[in-house]
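Undergrad: Assemble the whole structure, with the sequences as input and the hints as a guide.
The primary structure of each chain is shown beneath.
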Amino acid sequence: KAGVTQTPRYLIKTRGQQVTLSCSPISGHRSVSWYQQTPGQGLQFLFEYFSETQRNKGNFPGRFSGRQFSNSRSEMNVSTLELGDSALYLCASSLGAGTAYEQYFGPGTRLTVT
Amino acid sequence: AQTVTQSQPEMSVQEAETVTLSCTYDTSENNYYLFWYKQPPSRQMILVIRQEAYKQQNATENRFSVNFQKAAKSFSLKISDSQLGDTAMYFCAFIHLTGNQFYFGTGTSLTVIP
Chain A
51 KAGVTQTPRY
61 LIKTRGQQVT
71 LSCSPISGHR
81 SVSWYQQTPG
91 QGLQFLFEYF
101 SETQRNKGNF
111 PGRFSGRQFS
121 NSRSEMNVST
131 LELGDSALYL
141 CASSLGAGTA
151 YEQYFGPGTR
161 LTVT
Chain B
445 AQTVTQSQPE
455 MSVQEAETVT
465 LSCTYDTSEN
475 NYYLFWYKQP
485 PSRQMILVIR
495 QEAYKQQNAT
505 ENRFSVNFQK
515 AAKSFSLKIS
525 DSQLGDTAMY
535 FCAFIHLTGN
545 QFYFGTGTSL
555 TVIP
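Going line by line, the protein sequences match chains A and B.
In terms of our numbering, the first sequence is residues 51 to 164.
In terms of our numbering, the second sequence is residues 445 to 558.
If you're looking for bench data, these hints aren't it; they were derived computationally from the structure.
There are no misleading hints in this set.
With a Cα cut of at most 25 Å, we get these calculated DMTMM-like pairs of lysine to aspartate or glutamate:
| # | chain 1 | residue 1 | chain 2 | residue 2 |
| --- | --- | --- | --- | --- |
| 1 | B | Lys517 | B | Glu505 |
| 2 | B | Lys499 | A | Glu152 |
| 3 | A | Lys107 | A | Glu132 |
| 4 | B | Lys514 | A | Glu152 |
| 5 | A | Lys107 | B | Glu473 |
| 6 | A | Lys63 | A | Glu132 |
| 7 | B | Lys514 | B | Asp470 |
| 8 | B | Lys517 | B | Glu454 |
| 9 | B | Lys522 | B | Glu461 |
| 10 | B | Lys522 | A | Glu152 |
| 11 | B | Lys522 | B | Glu454 |
| 12 | B | Lys514 | B | Glu496 |
| 13 | B | Lys517 | A | Glu152 |
| 14 | A | Lys107 | B | Asp470 |
| 15 | B | Lys522 | B | Glu459 |
| 16 | B | Lys517 | B | Glu496 |
| 17 | B | Lys499 | B | Glu473 |
| 18 | B | Lys514 | B | Glu473 |
Derived CB-CB ranges, DEER-like:
| # | chain 1 | residue 1 | chain 2 | residue 2 | range |
| --- | --- | --- | --- | --- | --- |
| 19 | A | Gln68 | B | Thr462 | 46 to 56 Å |
| 20 | A | Arg65 | B | Gln500 | 46 to 56 Å |
| 21 | B | Gln500 | A | Tyr151 | 15 to 25 Å |
| 22 | A | Phe110 | B | Ala460 | 37 to 47 Å |
| 23 | A | Gly112 | B | Asp525 | 43 to 53 Å |
| 24 | B | Asp525 | A | Arg65 | 42 to 52 Å |
| 25 | A | Gly112 | B | Asn475 | 31 to 41 Å |
| 26 | B | Asn475 | A | Thr103 | 19 to 29 Å |
| 27 | A | Ser77 | B | Asp470 | 29 to 39 Å |
| 28 | A | Arg65 | B | Gln527 | 37 to 47 Å |
| 29 | A | Asn106 | B | Lys514 | 19 to 29 Å |
| 30 | B | Ser524 | A | Gln91 | 23 to 33 Å |
| 31 | B | Tyr498 | A | Gly146 | 13 to 23 Å |
| 32 | A | Glu132 | B | Gln452 | 27 to 37 Å |
On the chain B side, residues computed to face chain A include the following (Cβ under 7 Å):
| # | residue |
| --- | --- |
| 33 | Gln488 |
| 34 | Met489 |
| 35 | Leu491 |
| 36 | Phe548 |
| 37 | Gly551 |
As the structure is a prediction and not an experimental result, all values here were calculated from the model.
For each residue, glycine too, the CB sits at the ideal point set by N, CA and C.
TA: Structure representation (structure tokens):
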């Protein structure tokens, strides 16, 4: 079974631009979560989608948004990029929502904002 | 607020030796799950071990075991017979039994020295 895939793997953008990242979960998984990883901050939760609905959202500004499609693929969008948005963005998928289900992580998208 | 603290940013261990990574957490809840995740240099995060707070017995997965001290809110990871492939960033994580959001520590970078 194929793992979680994320595209693109690397991205360079300039301040003020917007960006869209994509995550394809493991086949059959219906939950997708997004995290921002920066040195010294660890992983910070952005949001989680389950069956096309956002279940939970972390403490990030409204510039960060996401959505999930009927095939469970998810996209994350960041508008008006700032230098501080430079990070590794990880998505994780699981069979269902909730603690009973193990999260499987993708390789991440490395976003650099200049 | 829920927080996870990993006080050791970097650690090293000789191959075949044993190393312990520390993690403390803060919560007012009684039912939750604790995890250790491993992120090798290739960036794919994988689950190492999981502990349910209601279980008194410490979880074990082959060379990996935890020391769960619920009263002290401590959750350390012991790696026995360290191997070169154990070189990675290790993250401690926490989620409530009925929660929607994982809380991660800032990570410990472990290097196994041949």
